[in-house]
Amino acid sequence: MLFPTLDFALFFLIVFTVSWSLVGALSLRKAFLLAASYVFYGYWDWRFLALLAGSSAFNYLAGLALARARGPALRRAIVALAVAGNLTVLGFFKYYNFFLEELAPLLASAGFERDLPVLEIILPVGISFFTFQGISYVVDVYRREIEPVRSPLDLFLYISFFSQLVAGPIVRASHFLPQLAARAQLTARDLALGLTLIVIGLFKKMVLANHLASEVADKAFFDPTAYGGIDLLVGIYAYAAQIYCDFSGYSDIGIGTALLLGLRFHANFNQPYRARSLREFWQRWHISLSQWLRDYLYKPLGGSRGGAFGTYRNLMVTMFLGGLWHGAAWTFVIWGFIHGSALCIERVVGRWRSRVPAQAQKEGPSHVAAQAVAVTARDAPKTPSSIGLTANPVLGILLTFHIVCFAWVFFRAPDLAIALAYLQGLGSAGDGIELATPFALSLIVFTLAFQFVPPRMIDLFAGAFARLGPVSGALAIGVSLGAALLIIESVGPEGVAPFIYFQF
Amino acid sequence: MSDTTPVEAPPRRTAHAARSGAVAMVIAGLVLALTNSDALRSYVGGLPSSTLTEEALLLAEDWHAQMETHGLAVPKAELRARTQALQIMSWEDVRALLTKARSSGDDGEVTDGDGDDDGGDRDNDVGDPARTQTAN
Numbered sequence: 001m002l003f004p005t006l007d008f009a010l011f012f013l014i015v016f017t018v019s020w021s022l023v024g025a026l027s028l029r030k031a032f033l034l035a036a037s038y039v040f041y042g043y044w045d046w047r048f049l050a051l052l053a054g055s056s057a058f059n060y061l062a063g064l065a066l067a068r069a070r071g072p073a074l075r076r077a078i079v080a081l082a083v084a085g086n087l088t089v090l091g092f093f094k095y096y097n098f099f100l101e102e103l104a105p106l107l108a109s110a111g112f113e114r115d116l117p118v119l120e121i122i123l124p125v126g127i128s129f130f131t132f133q134g135i136s137y138v139v140d141v142y143r144r145e146i147e148p149v150r151s152p153l154d155l156f157l158y159i160s161f162f163s164q165l166v167a168g169p170i171v172r173a174s175h176f177l178p179q180l181a182a183r184a185q186l187t188a189r190d191l192a193l194g195l196t197l198i199v200i201g202l203f204k205k206m207v208l209a210n211h212l213a214s215e216v217a218d219k220a221f222f223d224p225t226a227y228g229g230i231d232l233l234v235g236i237y238a239y240a241a242q243i244y245c246d247f248s249g250y251s252d253i254g255i256g257t258a259l260l261l262g263l264r265f266h267a268n269f270n271q272p273y274r275a276r277s278l279r280e281f282w283q284r285w286h287i288s289l290s291q292w293l294r295d296y297l298y299k300p301l302g303g304s305r306g307g308a309f310g311t312y313r314n315l316m317v318t319m320f321l322g323g324l325w326h327g328a329a330w331t332f333v334i335w336g337f338i339h340g341s342a343l344c345i346e347r348v349v350g351r352w353r354s355r356v357p358a359q360a361q362k363e364g365p366s367h368v369a370a371q372a373v374a375v376t377a378r379d380a381p382k383t384p385s386s387i388g389l390t391a392n393p394v395l396g397i398l399l400t401f402h403i404v405c406f407a408w409v410f411f412r413a414p415d416l417a418i419a420l421a422y423l424q425g426l427g428s429a430g431d432g433i434e435l436a437t438p439f440a441l442s443l444i445v446f447t448l449a450f451q452f453v454p455p456r457m458i459d460l461f462a463g464a465f466a467r468l469g470p471v472s473g474a475l476a477i478g479v480s481l482g483a484a485l486l487i488i489e490s491v492g493p494e495g496v497a498p499f500i501y502f503q504f
Numbered sequence: 505m506s507d508t509t510p511v512e513a514p515p516r517r518t519a520h521a522a523r524s525g526a527v528a529m530v531i532a533g534l535v536l537a538l539t540n541s542d543a544l545r546s547y548v549g550g551l552p553s554s555t556l557t558e559e560a561l562l563l564a565e566d567w568h569a570q571m572e573t574h575g576l577a578v579p580k581a582e583l584r585a586r587t588q589a590l591q592i593m594s595w596e597d598v599r600a601l602l603t604k605a606r607s608s609g610d611d612g613e614v615t616d617g618d619g620d621d622d623g624g625d626r627d628n629d630v631g632d633p634a635r636t637q638t639a640n
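Those protein sequence lines, which keep their order, are chains Z and H.
Each residue of the first sequence is one higher than the one before, counting from 1 in the working numbering.
Each residue of the second sequence is one higher than the one before, counting from 505 in the working numbering.
Just so you know, nobody snuck in bad clues.
Label pairs and their in silico Cβ distance ranges:
{"no.": "1", "chain 1": "H", "residue 1": "596", "chain 2": "Z", "residue 2": "417", "range": "29 to 39 angstroms"}
{"no.": "2", "chain 1": "Z", "residue 1": "122", "chain 2": "H", "residue 2": "588", "range": "34 to 44 angstroms"}
{"no.": "3", "chain 1": "Z", "residue 1": "100", "chain 2": "H", "residue 2": "517", "range": "51 to 61 angstroms"}
{"no.": "4", "chain 1": "Z", "residue 1": "494", "chain 2": "H", "residue 2": "575", "range": "15 to 25 angstroms"}
{"no.": "5", "chain 1": "Z", "residue 1": "14", "chain 2": "H", "residue 2": "554", "range": "14 to 24 angstroms"}
{"no.": "6", "chain 1": "H", "residue 1": "554", "chain 2": "Z", "residue 2": "406", "range": "51 to 61 angstroms"}
Calculated directly from the structure, the hints in this document are not laboratory data.
Glycine included, each C-beta is placed from N, C-alpha and C at the ideal position.
Chain Z with its partners taken away, still in its complex shape:
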């Protein structure tokens, strides 16, 4: 089920009404939310419900086994088995065919020509996200950071809660499970804020992202040889704006719907294109994945404890795997390599300039891209200007944005040949300007300008609605919501394009 559809609107209205009528009965409410989440997921393809349930059961049992295991060796074996089990399922669906395609020429070159069993594998929507949540749960139990869950209902709901099931944010068990144990709460402010986030998310997706995709980015990346340098440059900016609006729009809707049901998630995006360094960019972009990579990959690899070389190696490995997570293609590997290299260069330059505060040199939450700290509106990253490639903040923002844009070319291009043709085309004059229309540029400028809007504005806006009385508040919110949805529906292109991150 897609968020921006009438199906979802009806579904959510029912879920909202019934779940709040069950607020006094904790277990019943959880069971209802779990059933609703399975309906939400099964609406796309019911066959994969077994996979979702299997993943939840597997991690639930792993958690219980960890709780019962006494010796550290046994605990280590259980967690290794659990992580391997999760990764095997993920790897099969995401990388099986890629592996065979790469293996076939290798075998042929070694003289072993074989017909390899290529399968028609459908990638289950959201598999990366619920697998990552499962891994984070068992690892946190292993590290004794959380208690294993006794109620299967809680764990099943944690893995499959519909607001974050398909494309994140990747929610931590330590943040989610305690909320299930308490009676859910909703204030007028939550209501106004949740609906505001949903409207903002829909606007980002349905108007900005969909227009940018259909007007510019899709055309430019379909056949870059058909356009001149200016159009291709605008195509990159358009994609940068599109993917931000698409993904952060999804997160906004997910966070908003969860909030309306009394569940609070951390922000997943925080105006990423205003970052002055790559490190800061990763503190603002897909924050939940950055934190996941930091805690379950970068730190176990050794983090920055192995000196400068070890840190660079761990950074590169983290970003390489982060790239590969997006898909089994060399373009994603290069995307990860660009980010990893840029992060390493930033660190080298920072050391060379000898202005990096001693604090930042040590192991700390804001140490590398994959170490993003929890970012909310109140504790936005405050990266010293010396951390980036330049001390000039404006130059830092521009430089960071263009490195990110350069990497987006590989991320968006369907294959390496098109990515290279795209970059080559940037130097060509072309036959005129087709894609860089006033409308397209307005959308790009609007999206980028949004990065500099004071973050508290949304809270202030929602707060104004919350201060109205219950009757006038409901009326004002209802009419405003209806009007906002009408504008979004009228101004956006027709049809509902899937979210970009569904494929990951």
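Place chain H on chain Z using the hints.
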């Protein structure tokens, strides 16, 4: 980006907020049913065929016709037309608009107080797809 920190809400406050939320969503649905009736018609038209959905489609078509008669479908059509006009606008159109705005600004200074106002034309230039298309 926004602060979702929980604020203690007693059960009664939660119940009020939940009721307000349900009412607000129903009101929003009504606003959309009135002003976005063609989407409702498309939605029903896309449902699997059965006698029930055929009847629902007839109702949805009738509802949309009623909304059109009462002018409630106009805002959406107008917004869509203006967006399409912006989409097909070329740089020449922008330059022409700016020139016109500048010249009307100059006229305003010279003929200040004579009561002439050509601002309406300016608005129409942006919103009329036919005129913009001609300029292309």
